[in-house]
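Student: So the sequence lines, in the order shown, correspond to chains A and B. According to full-length UniProt numbering, the residues represented by the first sequence are 1 to 418, in order. According to full-length UniProt numbering, the residues represented by the second sequence are 1 to 418, in order.
Computed list of chain B residues with no C-beta within reach of chain A, every gap over 12 Å:
no., residue
1, G161
2, D165
3, A297
4, E387
Not everything, but these chain A residues come out facing chain B in the computed CB check (under 10 Å):
no., residue
5, Q211
6, G225
7, A227
8, R235
9, A246
10, L249
11, I264
12, S275
13, P278
14, V281
15, F283
16, R288
17, A353
18, G355
19, G377
20, S379
Pairwise CB distance ranges, derived in the manner of DEER restraints:
no., chain 1, residue 1, chain 2, residue 2, range
21, B, G314, A, P388, 38 to 44 Å
22, A, R44, B, R153, 47 to 53 Å
23, A, A23, B, A131, 41 to 47 Å
24, A, A23, B, G161, 44 to 50 Å
25, A, A342, B, G314, 45 to 51 Å
26, B, A311, A, T327, 34 to 40 Å
27, B, G314, A, A311, 28 to 34 Å
28, A, P258, B, A311, 19 to 25 Å
29, A, P132, B, A131, 36 to 42 Å
30, B, R13, A, H162, 56 to 62 Å
31, B, P346, A, G255, 55 to 61 Å
Just so you know, the hints here were simulated from the structure itself, not pulled from any lab data. Think of the CB as a built atom: it goes at the ideal place given N, C-alpha and C, for glycine as much as any other residue.
2 protein chains.
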Amino acid sequence: MTAALIDPDRLWRRLMALAEIGATPAGGVDRQALSEGEIAALARIVAWAREAGLAPALDAAGNLFLTRPGRDPAAAPILLGSHIDTQPTGGRFDGAAGVLAALEAVASFDGLPPGDLAVVAWMNEEGSRFAPGMMGSEAFAGLRDLAAIRAVRDAGGISVGHALDRLHAAFPDLPRRPLGTPVAAYLELHIEQGPVLEAAGRVIGIVTGIQGKKTFRVRLEGREGHAGTLPMDRRRDAVAAFARLAGALHAEVGGLDPDVRFTIGRVAVAPNAPSVVPAEVTFSIDLRHPDNAVLEAAGRRIAALCAGHAAPCGVSLTPLVDAASNTFDPRLRALIARAAAAHGHPAMPVLSAAGHDARNLSRVCPSAMIFIPCRDGASHVETEWAEPAHVAAGAGVLAQVLHDLAAAPDLLATPEPR
Amino acid sequence: MTAALIDPDRLWRRLMALAEIGATPAGGVDRQALSEGEIAALARIVAWAREAGLAPALDAAGNLFLTRPGRDPAAAPILLGSHIDTQPTGGRFDGAAGVLAALEAVASFDGLPPGDLAVVAWMNEEGSRFAPGMMGSEAFAGLRDLAAIRAVRDAGGISVGHALDRLHAAFPDLPRRPLGTPVAAYLELHIEQGPVLEAAGRVIGIVTGIQGKKTFRVRLEGREGHAGTLPMDRRRDAVAAFARLAGALHAEVGGLDPDVRFTIGRVAVAPNAPSVVPAEVTFSIDLRHPDNAVLEAAGRRIAALCAGHAAPCGVSLTPLVDAASNTFDPRLRALIARAAAAHGHPAMPVLSAAGHDARNLSRVCPSAMIFIPCRDGASHVETEWAEPAHVAAGAGVLAQVLHDLAAAPDLLATPEPR
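With the rest of the complex left out, here is chain A (with noise of 0.2 Å):
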């Protein structure tokens, strides 16, 4: 059944081939969002989809859609995508595969569809160029404004703006389409950048939702002194405060329950000398946990634990992330789980413990997520993989559930029965 819906071999091919835009020695990927390499590689994906008849359009914020057109131009399009762009030192799979499997399956539609089918590559979801990621997603959602997002610049200076003016120079061809047009569902397939599917033997995850995760930067304001002089109890140290604050977090909230994932990943000392007494700590905090209430509660307890511990040090706690988890629609799942066992893959539910731009999807429509494994849950990495046949099982059964939606259009239509 997989054989008739999409071509294992193209998909393959087209994966790896997009792959050698961008090329690491030794095996990976570097090409950021907006970056010659991936106006290169949007370009190669624009002439795969004119080969197939899709037509292709950039929107404002710099996605691409390649458009199926369907039987009803008025109805909204069920749309399939991911991200082309890479981690400085990533991998083939992340995001690529989700672009290049929406493609085939797309390509691959037997027949006229009751309304458009597009295949979608969001902007910069990675964030490593320009901070956050999932811009494209986000200026689609209406989650964020398209100026804000314009005025982020790159360390170099360079602004998305500027940025985006030049990808849209690139593409003179193309027509704009409006930013954030109704969708009648969103589907993405991905690696699943983490263990779980790999331990359990199966090839298709059925993503449930994307844990919530809370980002904080922390800033302790001591004082400097000389390490020989200044006695213990006229010093300001910011470096103590950090140890029986972190302490105290570390204990709290990473102590919290198995879910929960603290971690204090980031931590600068100024003026970082052996001999003097440290006058200032800037921390990061990343909080995440799969129940919206326990995640709110952990944030609160951040607070409050910043503001107990850090005297006889000044502090500051700032936000920067702030993303409550979500849950994927039934329906949408009952269709990816049927499609795995259609197709005789083993299948479970997984939750995402990484973002993705289907979070953002999941405020304006039904949306869904497929993984499938990546060798060791590496990515991020420049040896990320993923097996060729779970790639073609996961494009398969992308199509099926594309194949399924297309042919009961009426699915969606109810409210989400939650």
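Chain A is already provided as a structure; the job is to place chain B on it using the hints.
Tutor: Structure of chain B alone, referenced to chain A:
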């Protein structure tokens, strides 16, 4: 009486003239060890010494000696001095005041001394370019092999050996003095680099000793992981281990008694990314205490706490500096107190929190130090300042002690009464 012993105006003029070599825009001095600037400053001092009839010479460790011959050339000389290298953003007084006061005292000495009088400028006291500091006096006192010192490299890869060869090449006409010859007594004037004299309204500090110091480098080794996926109970988080260990160290060692000084001044995290469980933390420990028994016990406690609090991370503790506290010669301290009283300067005993070359000299001969106040206790800063009257007072006391020692050569012939 002071006026008869030294010329305070000449001393001040020379101090300000020397500060022009390596002067920074903010009014400080950047004249690091064995730099072009230090070589130029040494040349200036050699010229002043020749004006006064002193004989200049360099030893193999780059220490400069300026000798006024005494009656008995076989008698061990009385040595007076300090250093003229500075921190990269250092001041005009730290070191230079001691060398120029010594030059003033020896040049102004009235009559033929019983043995040689020699001024010394020690090589690399600061240790900012080549670490650790006090290399010249360490080599002179036989505490460290010159070959090991020559092998040390600066951040640019230049070795002490190479820099020493350049120093010697810059002074082809200076005779080479043997390294580590006997010394009758060593005297060093220095700014206090602390607030005690200023707060107490005293002009002369009779330095009782230098507090002991141990420094360590600690490395915690955990394992990198994804902040969103890795369960807390499977983590080996190096920052979490650092927080527990540093908390215990600050509480137990930092809270030992009012005399202890405990500082974690430098912390480096790897890979130091907000969404990555940290794999490694390297940090510095600076421990000081005037009581050697307490210092030793605290050092052992640090080792025990590292071993006990690092789990589940691996830990290694590398001792760097291990300098016992020392007590300066009570006979010389009595001479300093008597001279201060004779000159009408309010004086007090004071412990040195910072290290000085005199610590190394005290291992091989009767040694003592004279402190003068510095504004706000600030040193190693470009705004470092000592009042002209205090510089004159300190140099006058130094000259008086030299005079008294020369008049009573048998004072130090008997064993030190401790």
